[in-house]
Amino acid sequence: MASLAILVLAYETDMSVQLVQMDIATKRMEDGRLLSEINPKNCMPVLERDDGSILTETAVILEWLAAQDPQLRFTAPAHSEEHLRINEWMVYFATEQHKLATLLFWDIPEDSKKAIRDRIVHRFGIAEKALAKADFLVGNRCTIADFYLLVMVRGVEHLFEGFDLSSQFPAIHVWMKRLIARPAVIRALQNHGQGELLH
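Under my numbering, think of the first position of the sequence shown as 1, with each following residue one higher.
By construction, these hints were calculated from the structure, which means they are not laboratory data.
These numbers come from a predicted model, not from an experiment.
Be careful, since some hints might not be right.
Calculated lysine-lysine pairs in the PhoX-like style (CA-CA distance at most 25 Å, straight line) [to be verified]:
1) K113 with K177
2) K113 with K99
3) K133 with K41
4) K114 with K133
5) K177 with K129
6) K113 with K133
Please model the entire structure based on the sequences and the hints provided.
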């Protein structure tokens with residue numbers, strides 16, 4: 001799911017990427033390689049760059065790809081206040097929501113899963129407050145932080161029964177409607193799931 005944000009960014013910036021199919025059960029790529037051979041962490045997403053080097057972790061891949069755009073349309077100059085705020089959101093989503101969500105796939109008691117779901121949903125409150133005052137999370141323009149939040153919202157909508165974004169988080173709901181109308185997001189949603197390893 002995290003690779004959705006990366007795909008959106010690639011389409012927004014007209015970067016050429018190739019999605020590579022992976023069997024989720026065996027973690028084997030369509031070219032025969034195992035995910036663990038590419039990424040010792042044995043998890044997605046993975047970006048294989050033109051020089052053969054590998055980048056992992058959603059926030060890092062997003063930051064690197066955004067920095068390749070000469071106009072820095074979806075990030076900001078390094079060490080600027082805006083750049084710090086973008087990274088602040090990215091790390092928050094990665095550590096406080098995304099990482100928690102992975103626990104839902106573990107074999108743990110249902111009451112523990114409910115507590116995790118409640119905690120993930122509760123943490124949308126911070127983004128709700130920010131988006132009640134601005135169209136986007138940082139600098140009132142779309143950035144990679146918004147693409148990461150898109151992943152979190154989509155994941156919760158698909159995994160959490162009874163979650164109603166419009167009533168629980170109306171500002172995020174309005175933001176989401178605006179974001180999913182972007183051509184790059186539409187294209188990414190259509191193509192996502194057709195592969196996981198990005199070249």
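Status of the hints after comparison with the structure:
1. A distance of roughly 28 Å separates the Cα atoms of K113 and K177; the hinted pair therefore is violated under the 25 Å criterion.
2. A C-alpha spacing of about 13 Å is found between K113 and K99, which places the hinted pair at or below 25 Å, so the restraint holds.
3. Restraint check: the Cα-Cα separation between K133 and K41 comes to about 38 Å, which exceeds 25 Å; the hinted pair is violated.
4. Between K114 and K133, the direct Cα distance comes to roughly 30 Å. Violation of the 25 Å bound is thereby established for this hinted pair.
5. Restraint check: the Cα-Cα separation between K177 and K129 comes to about 17 Å, which is no more than 25 Å; the hinted pair holds.
6. Restraint check: the Cα-Cα separation between K113 and K133 comes to about 32 Å, which exceeds 25 Å; the hinted pair is violated.
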